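> From first to last, the protein sequence lines stand for chains Z and U. In terms of my numbering, the first sequence opens at residue 1 and continues consecutively. In terms of my numbering, the second sequence opens at residue 1001 and continues consecutively.
Any given hint could turn out to be false.
Label pairs and their in silico Cβ distance ranges [to be verified]: (1) 1080(U) <-> 192(Z): 55 to 63 Å; (2) 68(Z) <-> 1101(U): 23 to 31 Å; (3) 142(Z) <-> 1053(U): 52 to 60 Å.
Covered, in the sense of this in silico footprint (three residues per stretch, anywhere, with C-beta under 8 Å from a C-beta of chain U), are these stretches of chain Z [claimed, not checked]: (4) 165 to 176; (5) 273 to 279.
Read the hints as simulated data drawn from the structure, not as lab findings. On a predicted model such as this, the values are computed, not experimentally measured, just so you know. For each residue, glycine too, the CB sits at the ideal point set by N, CA and C.
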Amino acid sequence: MPIKVENLSFVYNEGTPYATVALNNVTFEIQDEEFVGIIGHTGSGKSTLIQHLNGLLKPTSGKIYINGVDITDKKVSLKDVRKEVGLVFQYPEYQLFEETIFKDIAFGPTNLGLSEEEIEKRVYEAMDIVGISRELADKSPFEVSGGQKRRIAIAGILAMKPKILILDEPTAGLDPKGKEEILNKIKEIHDKYNMITILVSHSMEDIARFADKIIVMNKGRIEVIGTPREVFREAEKLEKMGLGVPQITSLARELQKKGVAIPEDILTIEEAKEYIIRYLRGTKNV
Amino acid sequence: MEHIITTQNLSFEYHAEEQTRHLVLKDINLQFEKGQFIGIIGHNGSGKSTLAKHFNALLLPTEGKVHVKGMDTKDTNHLWDIRQTAGLVFQNPDNQIVATIVEEDVAFGPENLGIPPDEIRERVEYALKAVGMWEYKDYPPHMLSGGQKQRVAIAGIIAMKPECIILDEPTAMLDPIGRREVISTIKKLNKEDGITVILITHFMEEVVDADRVIVMDNGKVVLDGTPKEVFKEVALLKKIGLSVPQVTELAYQLKREGFDVPLDILTVEEMVEFLCR
Chain Z
1 MPIKVENLSF
11 VYNEGTPYAT
21 VALNNVTFEI
31 QDEEFVGIIG
41 HTGSGKSTLI
51 QHLNGLLKPT
61 SGKIYINGVD
71 ITDKKVSLKD
81 VRKEVGLVFQ
91 YPEYQLFEET
101 IFKDIAFGPT
111 NLGLSEEEIE
121 KRVYEAMDIV
131 GISRELADKS
141 PFEVSGGQKR
151 RIAIAGILAM
161 KPKILILDEP
171 TAGLDPKGKE
181 EILNKIKEIH
191 DKYNMITILV
201 SHSMEDIARF
211 ADKIIVMNKG
221 RIEVIGTPRE
231 VFREAEKLEK
241 MGLGVPQITS
251 LARELQKKGV
261 AIPEDILTIE
271 EAKEYIIRYL
281 RGTKNV
Chain U
1001 MEHIITTQNL
1011 SFEYHAEEQT
1021 RHLVLKDINL
1031 QFEKGQFIGI
1041 IGHNGSGKST
1051 LAKHFNALLL
1061 PTEGKVHVKG
1071 MDTKDTNHLW
1081 DIRQTAGLVF
1091 QNPDNQIVAT
1101 IVEEDVAFGP
1111 ENLGIPPDEI
1121 RERVEYALKA
1131 VGMWEYKDYP
1141 PHMLSGGQKQ
1151 RVAIAGIIAM
1161 KPECIILDEP
1171 TAMLDPIGRR
1181 EVISTIKKLN
1191 KEDGITVILI
1201 THFMEEVVDA
1211 DRVIVMDNGK
1221 VVLDGTPKEV
1231 FKEVALLKKI
1241 GLSVPQVTEL
1251 AYQLKREGFD
1261 VPLDILTVEE
1271 MVEFLCR
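The shape of chain Z in the complex, shown without the other chains (with noise of 0.2 Å):
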């Protein structure tokens, strides 16, 4: 189920005094299977181009098509969309609203006008997927931690079983060990059931990890897009616009600068321990 979008426009309060826009001739395209990073700052159109995903907003101009239909068209049912597209919004926590864990993960899905039997397999798959007991099942989702309650939320949107899962900035509050948790969960997730998974963050270190691509975003434009390495290599644009590479691949680049021979586009700690060994050994008699 692909992604492309063309030309895409928002403006906020279009035709009054406080028309801001938001997304500027945004254009690029998502093949099945992959795993996309968004990243920008607060204000950067992030949020706002996700929305777009799932019929939320419509743009001012452009066309977003999933699977070759255009979404922007009248005539396309946007309930249909949503089955196919499901967007776990920031604090996913704050709405859950029902008085168990079983009926807010069933939400979705009763809407969807499923049986009840199918309902019941839906919920109780997802809260396995999620790893959430299934003796919980009839607990108030109010009762539970708070990165509990973040993994009951994800469960709701993939008990639809969406084929584009959409989340922005999951790990958000959440302490480094939830963080970790969360995010091998999403990639566990987006591994098995082959979905393309969208994540937004701010974090680079996040993203460098598991995306096969990544969109920077700034001011409503596409600032960079390609694989986490051609990304890094942008290290320079990246530090003006605030957003900074992750702490190894800025070393990396330092000791490029004074003759070590390592790559600069260095992802990961890993990558980076084997060639300073190399240097290690080569320079000095250790």
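Could you slot chain U onto chain Z? The hints should help.
Here is chain U on its own, set in the frame of chain Z:
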């Protein structure tokens, strides 16, 4: 050295549903020196926020004592003096802003202290300038970014002229720019205005240049020392679910490979200097 806050055998438990008792803090003994920048780190549920709430009498110990500038937090006669000495800034800026205009919001604290209007004006100006938000004094808070709102919340505390500010994950909900703004504001308040800062955070890089770092786990203090002393305990930090800066992790891994690398490397510059000397 004068101590601004001390805890003696501090334990705290709360009762959730039924008869269950949760011991959240276990026998904590700490002394904070005036004028220092202290970082407290730990994962969620480690007890660090509960500890912070004891520093200005929002919570009272189940056992043991907390003293703020010599005042026992259990002594209700001192409650307002304690809260004025040690101000607390929370995670979510939206939950801390009460007024519809920035300067009115900052004036809220001093007004409640019964300070005369002229002095309130002076304090509001001083506080907003200290956090770099003076030019926004007439703005409605909802027009500000998260980082700006958090700086207004900090100004609201500064206007009460505290000797110590405790910040409970003040950057957790902010983006990198907002985070940088808030952290540099806090550092400036510590260095230039001599305010004691206790910063509770998940982000290791925010406490890399603190005077002292305390690591909490499971209601106890597990590490306490300078950043270099604390961060070289990579294995322990990882075990309790915390992470260290990437270069520190690299140093740790190189050491395990048998290289003679100092474990207290925290920044890119230090690593480059070590490798290229």
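> All hints are to be evaluated individually against the structure, with a verdict given for each.
Hint check results:
no.: 1; hint: 1080(U) <-> 192(Z): 55 to 63 Å; result: holds (57 Å)
no.: 2; hint: 68(Z) <-> 1101(U): 23 to 31 Å; result: violated (52 Å)
no.: 3; hint: 142(Z) <-> 1053(U): 52 to 60 Å; result: violated (21 Å)
no.: 4; hint: 165 to 176; result: holds (count 5)
no.: 5; hint: 273 to 279; result: holds (count 4)
Hint compliance for this structure: hints 2, 3 are broken, all remaining hints hold.
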